[in-house]
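Kindly generate the complete structure, drawing on both the sequences and the hints.
Just so you know, the protein sequences line up as chains U and Y, in that order.
The numbering of the first sequence is the numbering used here, which starts it at 1 and goes up by one.
The numbering of the second sequence is the numbering used here, which starts it at 1 and goes up by one.
Calculated directly from the structure, the hints in this document are not laboratory data.
Hints may be right or wrong, so weigh each one.
Stated by the list, open to error - Interface residues of chain U toward chain Y, partial, derived using beta-carbon atoms under 8 Å:
(1) Trp13
(2) Arg100
(3) Asp334
Just so you know, even glycine gets a beta-carbon here, dropped at the ideal spot from N, CA and C.
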Amino acid sequence: MDSSCPVSYPFPWAPAPDIPEHWRTMRENPLLHVTLPSGDPAVLVTRYKDVRQLFADERLSRNTSRYPASRISANNDLFGDPEIDNDPPRYLEERSVVMRAFSARRIEALRPVVKQITQELMDAMEAGPKPAELMEAYAYPLPILVICHMLGVPPEDRAKFRSLIDGYLSVTRLPDDEVERCRVQYWDYLSELIAAKRAEPGDDLISELIRVSQEEPGKLTPYQLQHWVKTLLIAGYVTTASQIGTSMAVLLHRPEVAEDLKANLELVPSAVEELLRFQIMGTSLGSLRYALEDIELLDGTVIPKGATVMLSVESNMDDDVFEEPLTLDIRRQDNHHMTFGAGIHFCAGAALARMELQEATDGLLRRFPNLRLAVAGEELERPVGGFLAGYARIPVKW
Amino acid sequence: MGALRVTADSSTCVTSSLCVYRLAQVFDQDEQGRVVVLDENPPEGLRRELLRAARGCPTGSIRVEEAGEGVGEGVDE
Numbered sequence: 001m002d003s004s005c006p007v008s009y010p011f012p013w014a015p016a017p018d019i020p021e022h023w024r025t026m027r028e029n030p031l032l033h034v035t036l037p038s039g040d041p042a043v044l045v046t047r048y049k050d051v052r053q054l055f056a057d058e059r060l061s062r063n064t065s066r067y068p069a070s071r072i073s074a075n076n077d078l079f080g081d082p083e084i085d086n087d088p089p090r091y092l093e094e095r096s097v098v099m100r101a102f103s104a105r106r107i108e109a110l111r112p113v114v115k116q117i118t119q120e121l122m123d124a125m126e127a128g129p130k131p132a133e134l135m136e137a138y139a140y141p142l143p144i145l146v147i148c149h150m151l152g153v154p155p156e157d158r159a160k161f162r163s164l165i166d167g168y169l170s171v172t173r174l175p176d177d178e179v180e181r182c183r184v185q186y187w188d189y190l191s192e193l194i195a196a197k198r199a200e201p202g203d204d205l206i207s208e209l210i211r212v213s214q215e216e217p218g219k220l221t222p223y224q225l226q227h228w229v230k231t232l233l234i235a236g237y238v239t240t241a242s243q244i245g246t247s248m249a250v251l252l253h254r255p256e257v258a259e260d261l262k263a264n265l266e267l268v269p270s271a272v273e274e275l276l277r278f279q280i281m282g283t284s285l286g287s288l289r290y291a292l293e294d295i296e297l298l299d300g301t302v303i304p305k306g307a308t309v310m311l312s313v314e315s316n317m318d319d320d321v322f323e324e325p326l327t328l329d330i331r332r333q334d335n336h337h338m339t340f341g342a343g344i345h346f347c348a349g350a351a352l353a354r355m356e357l358q359e360a361t362d363g364l365l366r367r368f369p370n371l372r373l374a375v376a377g378e379e380l381e382r383p384v385g386g387f388l389a390g391y392a393r394i395p396v397k398w
Numbered sequence: 001m002g003a004l005r006v007t008a009d010s011s012t013c014v015t016s017s018l019c020v021y022r023l024a025q026v027f028d029q030d031e032q033g034r035v036v037v038l039d040e041n042p043p044e045g046l047r048r049e050l051l052r053a054a055r056g057c058p059t060g061s062i063r064v065e066e067a068g069e070g071v072g073e074g075v076d077e
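As structure tokens, then:
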């Protein structure tokens, strides 16, 4: 790839559930000039060792809406809120309030709830028509039900909640006024939900955050509290749903690997980790940062001050770090992939997502030992113009 | 080979929980979800996994040392 002539980003997906062509060759150059969906320019850091180091570099600001950074798309402010300071020390103070709910002990306490939800969804799948559609029957409802349980969103609100988030997460799929309508309604819905929890606290994360923000005033203002709830609800839903779907598509597209895993279910955790590394639904758009100074990469290439920078999740395919990176190896060790990022912005919900993915995968393979794709992998459709690009539909039979 | 010594900086911990899932006999978390080292001198048999835990920590908050010399904060085995 020529580094000086900008290429469109995100890169095109492979036709089958496999690693896209660009991901294989992009590391010839450590820094690629790309054009975002908005038409704005950015640079993409391609090599794992640079990416890992830069995730911990405070010369890259996460406050992309406070600086003249490039926009992801013309109509989407997903990561832009000038009222929120995403850099230390302020960011760390806020994050520390939220993270207590994501400790290993708290996540493990949720595991039986997740297991129960997977069983109920699979009961419905089994009773329903065949082939089943995995996204609608399983991948979307599971994380919504889990995050709604965790945050205390009432069951009757869940459908509305989902349609607002789906609209809000459009990058180019919906017209601007429609995205804006979803954004405003979603924010208003959260205001009502938080007000209801203030009036009548429950055994849920929103009530806990309200309590902590009252006990330690200044750490989390009401606006910041609502911002975190908004982010947690979105992040807890779409990413996990897309990954449940694509990881099953990647797996079922490789029947010999699926057979191996079914025969060795104790490998589910390392398989989930490998499917996270081998993920084909995410892009590096979520890593957008702004260079406060010139920054030198390991080979001497310089990111110029003022550049909008993305840290490549495609570096999961760097053969300098991962042995045979294009092979899906469910026994892979030392799998320190960049799917959840690194540094202080490391995905807050990573442990929750892992646990859900483990239960989702283990549950499906136990209940449906003959599970397979009902269409060829090459025929699976991707949604157009969304922030994440999992599959729109994944027909399966058993 | 000297005894292993494990330390962790809870002030830079971001609660990825990776170390706890890898080695629950060595790492735990406090009520805020921040790393706590349960066993500062774990047995030699855990060396490989300890180095993986150190390398996997997203903020490099774990140090594995031996005989006063650092052997594993994100370094290769």
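Evaluation of the provided hints:
no., hint, in the structure
1, Trp13, "27 Å, violated"
2, Arg100, "5 Å, holds"
3, Asp334, "6 Å, holds"
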